[in-house]
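Chemist: This is what each chain is made of:
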Amino acid sequence: MNILYDERVDGALPRVDKAALLSELFESLPDLEILHSQEDLMPYECDGLSAYRVVPMLVVLPERIDQVQTLLKICHARQVPVVPRGAGTGLSGGALPLEQGILLVMARFNRIIEVNPKGRFARVQPGVRNLAISQAAAPHGLYYAPDPSSQIACSIGGNVAENAGGVHCLKYGLTVHNLLKVEILTVDGQRMTLGSDALDAPGFDLLALFTGSEGMLGVVTEVTVKLLPKPQVARVLLASFDSVEKAGRAVGDIIAAGIIPGGLEMMDNLSIRATEDFIHAGYPVDAAAILLCELDGVEADVQDDCERVDAVLKTAGATHVRLACDEAERARFWAGRKNAFPAVGRISPDYYCMDGTIPRRELPKVLHGITELSEKYGLRVANVFHAGDGNMHPLILFDANQSGELERAEALGAQILELCVAVGGSITGEHGVGREKINQMCAQFSSDELILFHAVKKAFDPKGLLNPGKNIPTLHRCAEFGSMHIHHGKLPFPELERF
Amino acid sequence: MRHDHDASTALLEQVNYALNERITLRIQGSNSKASLGRPVAGEVLDTRSHRGIVSYDPTELVLTARAGTPLAEIEATLDAAGQMLPFEPPHLGPGATLGGMVAAGLSGPRRPWVGSVRDFVLGTRIITGHGKLLRFGGEVMKNVAGYDVSRLMAGSFGCLGVLTEVSLKVLPKPRKCFSLRLEMDVHQALSELAEWGQQPIPISAACHDGQALHLRLEGGEGSVASAIERIGGDSLDSGYWADLREQRSAFFTSSEHLWRLSLPYNTGPIELPGQQLLDWGGAQRWLKSSATPQVIRQAVSSVGGHATLHEQGDTPFQPLAAPLLRYHRNLKKQLDPQGIFNPGRMYAEV
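Those protein sequence lines, which keep their order, are chains A and B.
1 is the number of the first residue of the first sequence in the numbering used here; add one for each residue after it.
1001 is the number of the first residue of the second sequence in the numbering used here; add one for each residue after it.
Don't take every hint at face value.
[To be verified] Below, computed lysine to aspartate or glutamate pairings styled on EDC-like, alpha-carbon distance capped at 16 Å: (1) K1173/B / E1192/B; (2) K1333/B / D461/A; (3) K181/A / D1119/B; (4) K226/A / D1119/B; (5) K338/A / D277/A; (6) K1132/B / D461/A; (7) K376/A / E407/A.
These are calculated hints, taken from the structure and not from any lab test.
Keep in mind it's a predicted model, so treat the numbers as computed, not measured.
So that you can see chain A by itself, here it is in the shape it has in the complex:
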């Protein structure tokens, strides 16, 4: 079932008189850059999920908060849908435009307002890149912990909207754990502060509610993040296994030994071979799986932990364990993992990246299920896994030029996500629902739960003008999605509660 906005199932959008809107914007906001011609709009037709494209009605590129405020007031009065966007690196189509909506690009708010080493925080505008925060904090020996793989390009405003993660979440948390305060504009252009400069704020925890809300409850205009002291040292162990199950069990054994690694990543054989061909990281190409385990902190502790983890890995049946001998080798080990996606891109014309999470103990079962689904659909799947926090990124290999392969890849991906839900996991760990997983939301949540999500939305945006159609599906869409599955006689996991 198509994921593009479909008024029939996703709800009618207000009709917008583009000419009248444009003339009011020109008059009220003479210095706001507005793109409205087809060739200027084209570059904004998609975010990081480039398989789906919609040319927006208008693109606006404000540089001052008061411009955003006026814009929102006008859009609210005229009932114009607004889709906020940061750097546009999101992988789930959270910033996919609407034909009848304005794309509000916040990328020009790229100023770091304050880095306060004694207060251990940085106050930045929403368009500041994730990595730029750590770079600005580095002279003080501090950094901003969440590090999504797009950190060189993605913006902090988008990180807040998606509750972005990265490879260090088990130890350092997600975006929501590393925020102090967020300034937002409500749908009608009112300023509101969520959180505070202190560690908590009076009232409901709206900061937690807004983090990961995909731009549907308000527009982020300023972010205060926590900064942490940089770990003194980081060391990486590379362990090879002759079975994925053993590697999976080793992860549990490390944690059972009371050790929380800074990063703990797993790759299967297809990912290992693709990566080794590309990066020459020194990975064992004959291993069924490898684990990369990074230990960071104070030198003496890290030394101890390395010895403990080495012993645990060997007991768990690792065929080989190597400690990166120096910083160069450590960087090489990580370069392999961080380039796993492009490496897979070299062995297949296209790939589709999934983002399910599972309880770690279910890993062997889920990998087995993925292998079966992969055979059933006739498409290869490479598995890259944030093993420490249970976040899987199966990469489905396909060729969009072969008729029907994209559809098969989507169907396979959907089944993988539903498998994650069936074992007690989630359809998305860090990429967000956006439009991409709008149908799978129907598998994870009951209609009553979706009704409650819509009630939350209504509290902040009763007319549904902020990023309509993202994150939470309508019951109508789920009803059609459910009936489609049954119609084809392959309703997965019949034991799941359905409606």
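Position chain B relative to chain A; hints supplied.
Modeler: Leaving out everything else, chain B in the frame of chain A:
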């Protein structure tokens, strides 16, 4: 002997009865946190019959338990497996329950270094104001599907729904723990803490009582040993932190009003009438004072913090800015349309 029991059906029935009869509910566990917030009128909904640990797998670092489970039982279970609730929740009474812990949202001395209750909430089951028992979040560390309703519940004092089950992330206990006492005045303590905070020193608690700075160091043997060598001071009994967390220290015995001041890290000493005790490395300060709420809140707001009266009162929580209050009311109206759950516990209008 545990008395595990699933009473969710009975709790749901009571909520639906209240919805039908249009009566309000006062949600409580052991009532250990009854002194926090505003008084609530309503029929008691007692969660304690709904108790028991539903699942706990130490290698997953996740524990799921029913809301009425005694906190002591959860902590004993974790302790036996070498793990803990990292945020050290204050019990404030012998029968404190998991549900009350999440609803009150209070965290103990380790909070600035590891996070708060809400940071460790992964999932919840909630009875809503529409009379449904629903599940949000789950038992996985990363989950961004839908809105984060589970974390919203933390610190909401039962005003948005009845918590029936909570999944929490837990952590291994540190290998080494050492507490120490350093004679120094509050100015010096705050300046040392600001300095240490920028370095990888394994501090996990820091309290100044007016005479001395009390520190706890936690980590591996090596990091703790080198921090002790660097910082010095006299050894301190680790029971100090439980006394602080449970407000059993001498400071808390005076009869004046108890205020909790929440402040940015780098806030200097705040001049207010009465006695102060600095916790959380200065980010949480306890104040025993008879000064008026206006005087206290003015002093604290001017440095970016907020003040809570830590006993029952008419406006115990810092009043909200107008737009925030408006959205609190909207949210309450949407999630609890009949206003049956703990009406007015936090704010008269909510």
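Chemist: Indicate, hint by hint, whether the structure satisfies it.
Modeler: These are the hints, each one checked on the structure:
1. For the hint pairing K1173/B with E1192/B, the CA-to-CA distance comes to about 26 Å; that exceeds 16 Å, so the pair is violated.
2. About 14 Å separates the Cα atoms of K1333/B and D461/A, which keeps this hinted pair within 16 Å; it holds.
3. At roughly 15 Å between alpha-carbon atoms, K181/A and D1119/B fall within 16 Å of each other, so this suggested pair holds.
4. Distance hint between K226/A and D1119/B is fulfilled; the C-alpha atoms sit about 14 Å from each other, no more than 16 Å.
5. Annotation: proposed proximity of K338/A to D277/A holds, straight-line Cα distance about 14 Å (limit 16 Å).
6. At most 16 Å may separate the alpha-carbon atoms for a hinted pair to count; K1132/B and D461/A exceed this at roughly 23 Å.
7. The hinted pair formed by K376/A and E407/A meets the criterion: a straight-line CA distance of about 14 Å does not exceed 16 Å.
Figure legend: structure checked against the earlier numbered hints; hints not met, in rising order: 1, 6.
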